[in-house]
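*Asks:* Here are the chains, one letter per residue:
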Amino acid sequence: MKRILQFIERVGWPRVIIAIFLLSLFIAAPFVRVRIDASISDTLVRFGMNGVMVLAMVPMIQAGCGLNFGLPLGIIAGLVGAVTSIEMGITGLAGILAAMVIAVPIATLLGLGYGILLNKVKGGEMMIATYVGFSSVAFMCIMWLMLPYKSPNMVWGYAGAGLRTTISVEGYWDRAISNVASFNFGEFFYCPTGMFLFFAFMCFLIWIFMHTKTGTAMTTVGSNPEYARSAGVDVDRMRIISVILSTVLGAIGIIVYQQSFGFIQLYMGPFYMAFPAVAAILIGGASVHKATILNVVIGTFLFQGILTMTPSVINSLIETDMSEVIRIIVSNGMILYALTRVVKVRS
Amino acid sequence: MSRKIFTRDNVQHFLISNAVPIIFILLSAFAIPVSKFSGQYLVQEMLVRLSRDSFLVLSLLIPIMAGMGLNFGMVLGAMAGEIGLILITDWNIMGIQGMVLAMIISTPLAVILGWMCGSILNRAKGREMVTSFILGFFMNGVYQLVVLYGFGKVVPIRNPQLLLSRGFGIRNVTNLEGIRKCLDNFIPLNIGGVSIPVATFLVIALFCLFVLWFKNTKLGQDMRAVGQDMDVARSAGIEVEKTRVISIVISTVLACYGQIIFLQNIGTMNTYNSHEQAGMFAIAALLVGGASVAKATIPNVFVGVVLFHLMFVVSPMAGKYLIGQAQLGEYFRVFVSYGIIAIALALHAWKRYKDKERARRSLRGNA
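So the protein sequences, as listed, match chains C and V.
Residue numbering for the first sequence follows this note's numbering, beginning at 5 and increasing consecutively.
Residue numbering for the second sequence follows this note's numbering, beginning at 8 and increasing consecutively.
Hints may be right or wrong, so weigh each one.
Label pairs and their in silico Cβ distance ranges [as the list claims (entries may be wrong)]: (1) C:M272 with V:V107: 37 to 43 Å; (2) C:V20 with V:F175: 29 to 35 Å; (3) C:S155 with V:G102: 54 to 60 Å; (4) V:Q51 with C:A165: 32 to 38 Å; (5) C:V20 with V:K225: 54 to 60 Å.
Which bits of chain V does chain C cover? Going by a derived footprint, with three or more residues having C-beta under 8 Å, they are [as the list claims (entries may be wrong)]: (6) 39 to 45; (7) 148 to 161; (8) 183 to 196.
In case anyone wonders, no lab produced these hints; they're calculated from the structure.
Backbone N, C-alpha and C define an ideal beta-carbon position, used for all residues, glycine too.
Make a model of the complete structure from these sequences and hints.
*Replies:* See below:
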């Protein structure tokens with residue numbers, strides 16, 4: 005009993021509750037005639053879709069810049085890349101590669117500016133990041149209307165100008181990454197192997213980076229800026245590198261998301277996208293100051309699992325759609341928990 | 008050399024402190040002629056919006072005084088007010104009585120929510136704003152749970168017109184015809200074709216007096232002390248935690264009344280969106296008025312409401328005449344409302360950093 009309590013203490017109550025909740029959903033699924041193989045497949049697909057965006061939280065948290073509520077900034081860079089790639093009419097993996105090649109420099113530039121801004125507002129990063137994200141999404145709403153894209157698959161038919169709110173990637177690079185070495189098992193189970201490989205590859209890159217000299221310096225800045233300064237680390241520079249890295253990962257993340265989802269969502273689409281990613285990494289066991297790649301993997305799986313399972317299971321159980329409410333309460337409750345907990349540990 | 012740097016620094020200091028209102032005045036000066044609205048129309052609009060929004064914005068003042076920043080948790084109060092309004096609509100109580108009853112019902116709710124919000128913020132000192140912001144989202148989920156699933160099941164609702172067709176849960180739009188403009192038209196006054204909601208302005212004036220009086224009470228002084236420096240206040244024998252909670256409770260209750268006044272003017276309620284917008288617009292308006300996260304005055308409130316809503320009314324038309332797309336102006340104003348909060352918050356954080364440097368330099372004594 006004592007050891008169980010110790011384990012729970014170490015893992016954290018909310019995480020245990022969420023894991024038990026998810027487990028009970030999986031157990032309950034067959035009894036309410038929800039196909040378990042289809043559910044697991046959906047969970048896996050959504051896990052792969054969102055993984056890279058959750059991974060985008062890691063560098064900034066490690067460098068002490070807090071939770072990256074400014075993720076939409078990176079997402080916007082990814083969207084510009086994706087839209088431009090479609091405009092050029094490149095299909096298949098090459099199309100995705102083109103999207104990424106275009107998106108990464110844009111994300112680097114945006115991340116640089118964003119990083120410089122965050123260096124000027126140390127201590128208030130999270131609130132400002134949130135509103136930088138919001139206002140950049142609103143700014144891009146104007147841009148989507150004005151930018152001179154011409155492809156008839158993307159612009160409004162009657163006006164001939166201005167991008168549509170959702171753009172299908174079908175015929176270009178729909179599931180181009182997911183379908184690499186993917187396989188079906190029975191009628192309902194689909195495993196997007198390529199997407200997992202890509203996610204694993206990105207995790208591996210970040211893991212390597214975190215163990216280089218720069219990565220170690222970055223972690224030092226996050227855990228003790230004064231010590232880092234006295235050890236001769238350029239704190240501001242490290243923070244900027246972390247922000248750029250997060251923004252670039254956000255850009256790549258949204259491209260992975262879109263190729264699996266099948267649509268590019270513009271305008272207000274990316275508005276709230278930071279919150280699920282933040283909630284996921286926190287559910288995985290990260291705090292406002294420390295995050296590991298394991299946190300990303302566990303958190304994304306738990307969070308996306310709940311998002312997939314609640315609509316189907318709870319709906320058939322009580323015949324009302326409560327998934328949206330559960331999603332709001334779980335994700336924001338998790339963020340609240342993390343924000344209030346850190347201070348307790350500190351004091 | 009040090010003297011030269013100092014003057015440049017002074018100018019910079021002035022511009023940073025007043026940057027947001029200056030940007031807004033310039034933008035309005037440009038956009039009003041372009042939009043081709045008549046002066047009378049704009050005056051009427053501004054009066055309506057002043058009466059509608061001022062109370063909500065004023066509710067933000069007290070937590071700022073207590074050093075807790077912008078109370079994004081005011082949406083909790085707005086939710087409490089909305090629950091009161093749903094109930095009186097169901098009971099079919101009209102006019103001023105209905106409004107007062109809604110206030111009476113929602114007050115205890117707002118007190119409880121405010122107490123909860125304050126206690127949570129006490130556990131997140133130094134990051135009150137982002138915490139109250141997320142708390143707003145979180146409670147929005149709880150509100151949906153209660154109103155969308157509880158109302159009509161746990162809480163009895165008799166009026167079928169309020170409920171969704173499935174028999175429980177409130178519809179997306181609640182019609183508040185019963186109390187529509189009841190306060191605004193309580194004392195009718197019309198000058199040159201511009202109608203003035205006198206009673207609402209009287210309530211707002213009363214509230215301003217309350218804020219002024221409150222600043223000089225013992226509790227108000229305590230709050231300012233806590234806002235200046237928590238440790239000093241604590242060693243002076245002030246119960247810091249309690250004072251902070253009280254400031255949030257007052258703010259939440261006032262936001263609840265503010266939302267009721269706001270909705271009686273509009274006359275319909277977006278059951279699941281009204282409160283979120285209330286929070287965002289109130290905060291943006293206050294910041295536009297030149298308030299910062301650490302200092303806000305009553306003039307800031309009124310200047311802010313006028314400037315912010317001027318932009319709000321004018322920008323879609325300006326966008327239409329300028330580029331030929333009203334949609335563009337619409338996005339522009341969304342961009343402005345979020346951008347202004349981002350700029351104001353960033354400027355505040357930057358200013359705090361600069362002020363620290365200035366203080367350090369003056370200590371050195373070469374100023």
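*Asks:* Measuring from beta carbon to beta carbon, are M272 of chain C and V107 of chain V in 37 to 43 Å?
*Replies:* holds, 38 Å
*Asks:* Are there three or more residues in the segment 183 to 196 of chain V whose C-beta lies closer than 8 Å to some C-beta of chain C?
*Replies:* violated (count 0)
*Asks:* Please verify the coverage claim for the segment 148 to 161 of chain V: does it have three or more residues whose C-beta sits within 8 Å of some C-beta in chain C?
*Replies:* holds (count 6)
*Asks:* Is the gap between the beta carbons of S155 of chain C and G102 of chain V within 54 to 60 Å?
*Replies:* holds, 58 Å
*Asks:* In terms of beta carbon proximity below 8 Å, does the segment 39 to 45 of chain V have 3 or more residues touching chain C?
*Replies:* Coverage by chain C is violated here, the residue count being 0 at a Cβ distance below 8 Å.
*Asks:* That 32 to 38 Å hint for Q51 of chain V and A165 of chain C (C-beta), does it hold up?
*Replies:* At roughly 36 Å between Cβ atoms, A165 of chain C and Q51 of chain V fall inside 32 to 38 Å, so the hint holds.
*Asks:* Is 29 to 35 Å right for how far apart the beta carbons of V20 of chain C and F175 of chain V are?
*Replies:* The hinted range 29 to 35 Å holds for V20 of chain C and F175 of chain V, with Cβ atoms some 32 Å apart.
*Asks:* Does the Cβ pair V20 of chain C, K225 of chain V satisfy 54 to 60 Å?
*Replies:* Taking Cβ atoms as reference, V20 of chain C and K225 of chain V lie about 46 Å apart, which means the hint is violated.
When the structure is compared with the earlier hints, violations turn up for hints 5, 6, 8 and for no others.
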